[in-house]
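Undergrad: Here is how the chains run, residue by residue.
There are 6 protein chains.
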Amino acid sequence: MLAVYAGSFDPVTFGHLDLIQRAAAIFDRLIVAVGIHPTRQALFDVQERLQLLRAATAGIQGVQIESFEGLLIHYCARRGARVMVRGLRVTMDFEYELQIAHANADMSSQIDTVFLPTRSNYAFISASLVREIASHGGDVSRYAPPVVCAALTAKFGARKG
Amino acid sequence: MLAVYAGSFDPVTFGHLDLIQRAAAIFDRLIVAVGIHPTRQALFDVQERLQLLRAATAGIQGVQIESFEGLLIHYCARRGARVMVRGLRVTMDFEYELQIAHANADMSSQIDTVFLPTRSNYAFISASLVREIASHGGDVSRYAPPVVCAALTAKFGARKG
Amino acid sequence: MLAVYAGSFDPVTFGHLDLIQRAAAIFDRLIVAVGIHPTRQALFDVQERLQLLRAATAGIQGVQIESFEGLLIHYCARRGARVMVRGLRVTMDFEYELQIAHANADMSSQIDTVFLPTRSNYAFISASLVREIASHGGDVSRYAPPVVCAALTAKFGARKG
Amino acid sequence: MLAVYAGSFDPVTFGHLDLIQRAAAIFDRLIVAVGIHPTRQALFDVQERLQLLRAATAGIQGVQIESFEGLLIHYCARRGARVMVRGLRVTMDFEYELQIAHANADMSSQIDTVFLPTRSNYAFISASLVREIASHGGDVSRYAPPVVCAALTAKFGARKG
Amino acid sequence: MLAVYAGSFDPVTFGHLDLIQRAAAIFDRLIVAVGIHPTRQALFDVQERLQLLRAATAGIQGVQIESFEGLLIHYCARRGARVMVRGLRVTMDFEYELQIAHANADMSSQIDTVFLPTRSNYAFISASLVREIASHGGDVSRYAPPVVCAALTAKFGARKG
Amino acid sequence: MLAVYAGSFDPVTFGHLDLIQRAAAIFDRLIVAVGIHPTRQALFDVQERLQLLRAATAGIQGVQIESFEGLLIHYCARRGARVMVRGLRVTMDFEYELQIAHANADMSSQIDTVFLPTRSNYAFISASLVREIASHGGDVSRYAPPVVCAALTAKFGARKG
Numbered sequence: 000m001l002a003v004y005a006g007s008f009d010p011v012t013f014g015h016l017d018l019i020q021r022a023a024a025i026f027d028r029l030i031v032a033v034g035i036h037p038t039r040q041a042l043f044d045v046q047e048r049l050q051l052l053r054a055a056t057a058g059i060q061g062v063q064i065e066s067f068e069g070l071l072i073h074y075c076a077r078r079g080a081r082v083m084v085r086g087l088r089v090t091m092d093f094e095y096e097l098q099i100a101h102a103n104a105d106m107s108s109q110i111d112t113v114f115l116p117t118r119s120n121y122a123f124i125s126a127s128l129v130r131e132i133a134s135h136g137g138d139v140s141r142y143a144p145p146v147v148c149a150a151l152t153a154k155f156g157a158r159k160g
Numbered sequence: 000m001l002a003v004y005a006g007s008f009d010p011v012t013f014g015h016l017d018l019i020q021r022a023a024a025i026f027d028r029l030i031v032a033v034g035i036h037p038t039r040q041a042l043f044d045v046q047e048r049l050q051l052l053r054a055a056t057a058g059i060q061g062v063q064i065e066s067f068e069g070l071l072i073h074y075c076a077r078r079g080a081r082v083m084v085r086g087l088r089v090t091m092d093f094e095y096e097l098q099i100a101h102a103n104a105d106m107s108s109q110i111d112t113v114f115l116p117t118r119s120n121y122a123f124i125s126a127s128l129v130r131e132i133a134s135h136g137g138d139v140s141r142y143a144p145p146v147v148c149a150a151l152t153a154k155f156g157a158r159k160g
Numbered sequence: 000m001l002a003v004y005a006g007s008f009d010p011v012t013f014g015h016l017d018l019i020q021r022a023a024a025i026f027d028r029l030i031v032a033v034g035i036h037p038t039r040q041a042l043f044d045v046q047e048r049l050q051l052l053r054a055a056t057a058g059i060q061g062v063q064i065e066s067f068e069g070l071l072i073h074y075c076a077r078r079g080a081r082v083m084v085r086g087l088r089v090t091m092d093f094e095y096e097l098q099i100a101h102a103n104a105d106m107s108s109q110i111d112t113v114f115l116p117t118r119s120n121y122a123f124i125s126a127s128l129v130r131e132i133a134s135h136g137g138d139v140s141r142y143a144p145p146v147v148c149a150a151l152t153a154k155f156g157a158r159k160g
Numbered sequence: 000m001l002a003v004y005a006g007s008f009d010p011v012t013f014g015h016l017d018l019i020q021r022a023a024a025i026f027d028r029l030i031v032a033v034g035i036h037p038t039r040q041a042l043f044d045v046q047e048r049l050q051l052l053r054a055a056t057a058g059i060q061g062v063q064i065e066s067f068e069g070l071l072i073h074y075c076a077r078r079g080a081r082v083m084v085r086g087l088r089v090t091m092d093f094e095y096e097l098q099i100a101h102a103n104a105d106m107s108s109q110i111d112t113v114f115l116p117t118r119s120n121y122a123f124i125s126a127s128l129v130r131e132i133a134s135h136g137g138d139v140s141r142y143a144p145p146v147v148c149a150a151l152t153a154k155f156g157a158r159k160g
Numbered sequence: 000m001l002a003v004y005a006g007s008f009d010p011v012t013f014g015h016l017d018l019i020q021r022a023a024a025i026f027d028r029l030i031v032a033v034g035i036h037p038t039r040q041a042l043f044d045v046q047e048r049l050q051l052l053r054a055a056t057a058g059i060q061g062v063q064i065e066s067f068e069g070l071l072i073h074y075c076a077r078r079g080a081r082v083m084v085r086g087l088r089v090t091m092d093f094e095y096e097l098q099i100a101h102a103n104a105d106m107s108s109q110i111d112t113v114f115l116p117t118r119s120n121y122a123f124i125s126a127s128l129v130r131e132i133a134s135h136g137g138d139v140s141r142y143a144p145p146v147v148c149a150a151l152t153a154k155f156g157a158r159k160g
Numbered sequence: 000m001l002a003v004y005a006g007s008f009d010p011v012t013f014g015h016l017d018l019i020q021r022a023a024a025i026f027d028r029l030i031v032a033v034g035i036h037p038t039r040q041a042l043f044d045v046q047e048r049l050q051l052l053r054a055a056t057a058g059i060q061g062v063q064i065e066s067f068e069g070l071l072i073h074y075c076a077r078r079g080a081r082v083m084v085r086g087l088r089v090t091m092d093f094e095y096e097l098q099i100a101h102a103n104a105d106m107s108s109q110i111d112t113v114f115l116p117t118r119s120n121y122a123f124i125s126a127s128l129v130r131e132i133a134s135h136g137g138d139v140s141r142y143a144p145p146v147v148c149a150a151l152t153a154k155f156g157a158r159k160g
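First to last, the protein sequences are chains A, B, C, D, E and F.
Sequential numbering from 0 applies to the first sequence in numbering that gives the first Met the number 0.
Sequential numbering from 0 applies to the second sequence in numbering that gives the first Met the number 0.
Sequential numbering from 0 applies to the third sequence in numbering that gives the first Met the number 0.
Sequential numbering from 0 applies to the fourth sequence in numbering that gives the first Met the number 0.
Sequential numbering from 0 applies to the fifth sequence in numbering that gives the first Met the number 0.
Sequential numbering from 0 applies to the sixth sequence in numbering that gives the first Met the number 0.
I should point out that these hints are in silico values taken from the structure, not numbers from a laboratory.
In this text, all values refer to a predicted model and were calculated from it rather than measured experimentally.
If several chains are the same, the list does not tell them apart, and a pair holds so long as it fits within one copy or across any two.
Pairs of lysine to any residue, SDA-like flavour, derived with a Cα cap of 20 Å: (1) K154 <-> A54; (2) K154 <-> G69; (3) K154 <-> L70; (4) K154 <-> S7; (5) K154 <-> Q40; (6) K154 <-> R130; (7) K154 <-> E47; (8) K154 <-> P144; (9) K154 <-> S127; (10) K154 <-> D44; (11) K154 <-> E131.
Work out the full structure, taking the sequences as your base and the hints as a guide.
TA: Printed below as a string of structure tokens:
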């Protein structure tokens with residue numbers, strides 16, 4: 000069973016990594032897919048995000064890092080994936096995700112959505128929080144792997160300099 | 000990968016059956032497990048619920064019907080299941096389920112919880128609603144399979160007679 | 000357009016009365032219907048609840064007080080009502096009510112559900128809160144009309160005496 | 000009883016149309032009103048949205064299409080409408096809508112808000128989802144009427160060309 | 000400033016204790032008050048719950064353990080407390096608590112409600128979960144202090160024996 | 000005990016003022032702190048917001064108005080504050096606030112978050128609603144103090160002129 004875990008990963012956090020590890024243990028193969036949205040502003044560009052993801056997931060078996068454009072459901076169909084994995088942190092996530100899952104189920108009954116609950120100690124971590132804290136020079140080493148922390152320091156140091 | 004989908008199934012509805020079919024397509028083997036709660040009142044006894052589940056899932060590959068006592072996480076460990084499957088219908092479900100999932104993750108990091116969103120056309124169907132409608136002589140043939148409808152008629156007919 | 004506003008009304012509160020007044024202003028005729036649930040325990044019996052409702056709504060044009068057994072949707076069909084009115088106080092109400100509305104829409108496409116939001120100053124008032132406060136001898140005159148306050152005093156006085 | 004159903008309708012979907020049909024069946028006359036927000040970006044301009052709404056609602060009795068500027072409650076007062084109709088899809092909608100309803104009730108006690116629950120099979124459809132799917136060349140013919148699908152194709156075709 | 004933290008504490012958990020410690024650090028004096036509800040079934044009687052609370056909070060400065068009957072707001076007024084402390088674990092808690100807080104604010108503007116968010120690692124722990132796990136012989140030593148674990152073992156051992 | 004109540008206050012409303020009064024009654028000293036976010040667009044600049052806050056809180060004992068840059072938790076540490084006060088209006092607020100509170104608790108266990116529930120009659124008032132109503136020439140004198148109403152009139156008059 001091939002599964003896809005898609006997101007922005009701007010940048011990848013310990014919350015994402017926990018989910019990737021657990022999904023990789025449940026499914027035979029897992030594609031972690033960075034969505035390309037040309038009009039949406041991001042801190043890291045797609046190449047940087049892919050690179051950080053590859054570095055951070057180097058030790059996890061059966062994981063493949065890719066990027067995609069267009070609708071996720073079309074991408075899954077092209078790749079032959081039967082399952083889309085989504086993380087659920089809080090109730091607000093859930094309602095939004097449920098709508099997307101229903102729309103995707105309506106567009107393709109062959110591809111299903113599976114939700115994994117974020118571990119309670121990671122539930123408050125989000126990529127936007129990590130960016131916010133790092134932009135003010137705060138310490139994010141408990142929320143993201145060293146390679147990401149270094150990239151954040153480089154990014155915000157470069158901005159300030 | 001062996002997964003367990005546990006519940007009361009008092010009685011099994013089309014909402015449950017949709018979930019069983021989808022979970023059976025995702026995982027190699029699926030145990031549908033009826034929880035035995037001696038102090039909780041039910042319309043159908045455990046034997047009846049098992050029988051209805053067996054009849055209703057007869058055509059689905061890789062599904063096994065069982066009952067269990069005690070904590071679900073202990074039962075999964077005994078059966079060697081790595082995944083607990085839960086259906087999510089609405090936001091209120093989610094919050095409760097998230098707490099249970101966190102508690103289970105805390106008790107055993109080896110067994111994970113996976114949520115499948117109920118299809119939107121089944122989201123308003125629950126076993127308690129089916130019991131309520133049937134108890135007033137309403138038609139539940141759009142919410143539960145024929146074998147369950149017959150059992151409900153027998154149950155409530157017998158009560159009235 | 001005939002509308003039905005159903006509930007337990009155990010007892011009727013200022014929150015209910017605000018809704019009755021507003022629904023009566025929107026629809027030509029409004030039936031306020033007390034649901035009879037033989038197995039559910041109530042503080043006031045059905046006759047008492049009807050009497051309190053009649054006294055409390057005496058001054059409102061176009062309102063009729065009734066009781067009913069069985070499914071609300073069947074009762075509406077028997078009475079020729081096209082609309083069921085429901086009050087929404089908080090988010091938890093909403094999710095539950097939405098499920099019921101979807102089930103009713105599925106059972107009869109001819110009868111629709113209309114929600115009126117409870118005024119913010121009544122949103123914390125519920126019949127169970129009024130019963131709880133009154134049972135401890137608290138003052139509920141800001142939450143329920145005089146006829147109900149008197150009935151509560153009689154009820155809890157009689158219990159204590 | 001004159002009611003107003005206001006929104007952006009960028010563009011009108013089957014979810015909107017279901018609500019318009021049901022509201023038109025409940026109230027004597029229904030104004031569907033496109034709000035003009037000069038600073039908010041939209042896919043279709045106000046004239047296009049009015050035209051699509053007129054085409055899509057041509058067969059529904061008692062419906063009138065208009066646009067308005069400023070606060071909805073002031074517009075309703077000018078038009079002599081006693082009721083504002085709002086659709087409720089999910090819980091997040093509800094909380095936001097409840098705040099707006101309370102603010103409007105505070106500003107004018109003569110105009111009430113009435114919520115209609117979106118049918119469960121339309122609950123995941125939103126204008127923004129339709130725009131998103133169409134922008135990637137996806138098929139939206141199950142979510143919006145033919146006249147809207149054609150307009151979307153023209154819009155995104157023109158953008159690509 | 001004297002504050003009251005009321006609850007059932009059936010039995011006290013690490014979640015409660017975390018809240019007691021934090022509230023005791025914020026307010027000069029803190030009364031932890033066990034509500035007596037003669038009609039509500041509990042695992043531990045009021046005397047046992049008080050004893051477990053006293054043992055578990057022995058090391059925390061400025062904390063006093065009491066029990067009370069009737070409405071909490073009346074009890075706070077009798078004790079001269081200006082603040083009621085409540086823990087918030089999840090969204091469902093919040094809505095319910097908000098209604099109670101609004102009702103209390105309406106009954107006495109002199110006594111305010113203050114919410115403390117449960118730490119994320121305790122958010123899934125509730126007294127009912129602890130009872131449920133312990134009743135099946137599960138290990139609750141990560142959710143409740145030793146004195147409570149011993150009491151649970153005695154209780155359920157006695158029941159089984 | 001020194002507490003900090005931070006926000007945008009763009010502009011200060013009766014909802015904010017109610018919270019400031021109640022927090023000032025609970026804690027010895029209260030700093031009301033305007034967050035400076037250079038990239039976020041605001042109607043009033045930081046100096047105007049500070050001035051409106053000072054005018055509006057002139058009569059409340061123990062309150063100090065300041066502004067700050069960077070992370071709130073760092074600012075609280077610099078000022079020696081042990082408590083951050085947050086208002087809770089609705090459920091959606093709560094989930095977001097809970098995440099922030101968990102993140103802050105993780106970053107500093109010495110500084111706690113305390114939530115005060117917005118009074119029910121102010122729950123629908125937000126600064127953005129006040130701006131929206133005022134921008135259309137609506138009357139906001141029931142939602143904000145006279146000094147703010149005058150500033151809004153000046154602001155939107157100046158824009159139109």
